[in-house]
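2 protein chains.
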Amino acid sequence: MFDLILQDTGSRARRGRITTRRGVIETPVFMPVGTQATVKTASPRELRELRAQIILGNSYHLFVRPGLEVLRRLGGLHRFMAWNGPILTDSGGFQVFSLTRLRKITEEGVHFQSHIDGAPCFIGPETAMEIQSALGSDIAMVFDECPPYPCERDAAAASLERTLRWARRCKDWNDRQEARPLLFGIVQGSTFADLRRAGAEALAAMDFDGYAVGGVSVGEPEAEMLRAVENSEPWLPARKPRYAMGLGTPPQLVEMIARGVDMFDCVLPTRLARNGTAFTERGTINLKNSPFAADPGPIEEGCACPACAEFSRGYLRHLIKAEEILGLRLVTLHNLHFYLNLTARIRAALEAGTFGAFRAQFVANYKAREAGAGL
Amino acid sequence: MFDLILQDTGSRARRGRITTRRGVIETPVFMPVGTQATVKTASPRELRELRAQIILGNSYHLFVRPGLEVLRRLGGLHRFMAWNGPILTDSGGFQVFSLTRLRKITEEGVHFQSHIDGAPCFIGPETAMEIQSALGSDIAMVFDECPPYPCERDAAAASLERTLRWARRCKDWNDRQEARPLLFGIVQGSTFADLRRAGAEALAAMDFDGYAVGGVSVGEPEAEMLRAVENSEPWLPARKPRYAMGLGTPPQLVEMIARGVDMFDCVLPTRLARNGTAFTERGTINLKNSPFAADPGPIEEGCACPACAEFSRGYLRHLIKAEEILGLRLVTLHNLHFYLNLTARIRAALEAGTFGAFRAQFVANYKAREAGAGL
Chain A
1 MFDLILQDTG SRARRGRITT RRGVIETPVF MPVGTQATVK TASPRELREL RAQIILGNSY
61 HLFVRPGLEV LRRLGGLHRF MAWNGPILTD SGGFQVFSLT RLRKITEEGV HFQSHIDGAP
121 CFIGPETAME IQSALGSDIA MVFDECPPYP CERDAAAASL ERTLRWARRC KDWNDRQEAR
181 PLLFGIVQGS TFADLRRAGA EALAAMDFDG YAVGGVSVGE PEAEMLRAVE NSEPWLPARK
241 PRYAMGLGTP PQLVEMIARG VDMFDCVLPT RLARNGTAFT ERGTINLKNS PFAADPGPIE
301 EGCACPACAE FSRGYLRHLI KAEEILGLRL VTLHNLHFYL NLTARIRAAL EAGTFGAFRA
361 QFVANYKARE AGAGL
Chain B
376 MFDLILQDTG SRARRGRITT RRGVIETPVF MPVGTQATVK TASPRELREL RAQIILGNSY
436 HLFVRPGLEV LRRLGGLHRF MAWNGPILTD SGGFQVFSLT RLRKITEEGV HFQSHIDGAP
496 CFIGPETAME IQSALGSDIA MVFDECPPYP CERDAAAASL ERTLRWARRC KDWNDRQEAR
556 PLLFGIVQGS TFADLRRAGA EALAAMDFDG YAVGGVSVGE PEAEMLRAVE NSEPWLPARK
616 PRYAMGLGTP PQLVEMIARG VDMFDCVLPT RLARNGTAFT ERGTINLKNS PFAADPGPIE
676 EGCACPACAE FSRGYLRHLI KAEEILGLRL VTLHNLHFYL NLTARIRAAL EAGTFGAFRA
736 QFVANYKARE AGAGL
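Note that the protein sequences, when read in sequence, are chains A and B. Residue 56 in the numbering used here sits at position 56 of the first sequence; the count goes up by one each step and never skips. Each number in the numbering used here corresponds to the 1-based position in the second sequence with 375 added.
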């Protein structure tokens, strides 16, 4: 299901192709996040026009609302949200550990209260797989325990052990299905190199369809985030896709691709758009700022996105100041285009053998006005 | 500029065509409201695809934000919002009287405080025309005084007199311009038949390009609203377009068309959408209601709008409950389509000589679950 088309000679970057039951994904790939069965503000048609190849759905959020009964009766997630392309679903592990209250972690799984109405809920490895099956996921993730940052070594080791036992149960559950999605393992191990290696090797031995680096984007400094990737990647099979979960800024994407990562999801393009922040080649700009009030130019000259094609910075600023939804829509489309186009350019650079030059120039151009907290 | 194509034989309804400097408008016509330089949640492309022929802009709102200086520097309202079709601009009269605080009305105009930041502002007849000129309006409205409901006769008469003097000043200002927009007079006179007649006749004598019935949709009962139209229309020139401002529910549109009105604007389709309310042939439905949770059908069977083409009531309910912007977008598109399609069907019925039957059937079908307060 994964063709390794090309290995860059100057870095660990790869050009690949993942085949899912709902279509082919060219890697490196950015995956827009559709937490609640919608990529915030965007329509499926707009996502197709932006050439999104695959989007994310979230088991936890859809489990608590609208619930599996509704999703089953309405034909699964693809039909529900009218997206016919591939969908990767997060298992809910990350959300259970970050969003919910009064949780009790047992070997069986996690008891928690819904963040919507406080209703008592349970998700364990098998439940997580059942949810993803009901959603009709094309790439499912194992249910993992996501330790906080920072984390003591003993706690990280115990957590990793449980994550590995849960990964085994997820794989066993999935192997029993007839029409099974691709299933990815998730490497945990916090900031400890030996734990990351042990996690990666144990998962590799279970032979997953792909491997994610998890437990990142939880408040750690950027250097720790890159180290988590560096400490996991060498122990993962070369002929399987690698996915860095929940990351990151544009230069971070470039740097992680250079470290052998193939897949990314990140809420920054959609979340920052709703604050009026737009990505450009030279870093982010906040369109609320007054110098943009009468600026007739697009967010970025030469940008091919629907916002830059028709609308000025001055108009976008007006919409955002007036709290008009069209403003959030247009900046979201621009930001998604920026991320999707960045990975498209990287794929082209890999094919042309110019990734090293692209990487150096892009990262240098991009002023590191850090876009997200802790990133 | 107005071709009266056809006069219905069984009612006062007409089929017409208005020629503006930015294109032709087939009447009866519904005009989506773009108060702050955007029809709420919708893009210009979506409006074109819904076959909107003309949209509204609002002088008052654009005057206070982003202000005329920005609009001038960014090339006027059409270029600002990337809408190339005709725009009708309200003069600001209605908003000055309904939205602002601490106003002082003089013969010269109205002093008020901006509803955004309390800044002291002034709009008079000439200012209103200057604003509409800066916006690049294709159909401008005179600056009028809009009395509240109910209104004493003496106050209504005095207000009407001032509105007529202001109308004269607006027309004089406009007549001095080289590239002038079409200019419509506004009939006031509150609930008094003789004042409505006097207002209509006085405006007709000034020879405007079209005539609006104003001072409606200010809290009066539906019967009074229809009477305001009935008391104005007979005294307006047959060969000029008539516009009922800020109205109304779908059956009200049909009934006003039967009374000789050609043009409508109304915030109901966009405003109610943001509350999860959708228009159907049998009245409005609120998609938040739990029976829709697992409903696989579209808002309305057979509807050709983008929401009904791809999405179920169950999905729309989920989006609205989850406060996802895509839900507001899709219901807005459905509701705008409903209004635009209603007027398209009426134009076809007029041409086929079947408007009487259409009117009877539509109004009977439509369960009068009144959609807007006071309407």
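Hint data in this document are derived by calculation from the structure and do not stem from the laboratory. Note that the Cβ used here is the ideal one computed from N, Cα and C, for glycine as well. Treat each hint with caution, since some may be false.
On the chain A side, residues computed to face chain B include the following (Cβ under 8 Å) [unchecked claim]:
id	residue
1	G10
2	L319
3	F358
Covered stretches of chain B (in silico footprint by chain A; criterion: 3 or more residues with CB under 8 Å from a CB of chain A, positions within the stretch not fixed) [claimed, not checked]:
id	region
4	441-451
5	592-602
6	667-677
7	683-696
Under the constraints set out in the numbered hints, which ones does this structure not fulfil?
Those not satisfied are hints 1, 3 and 5.
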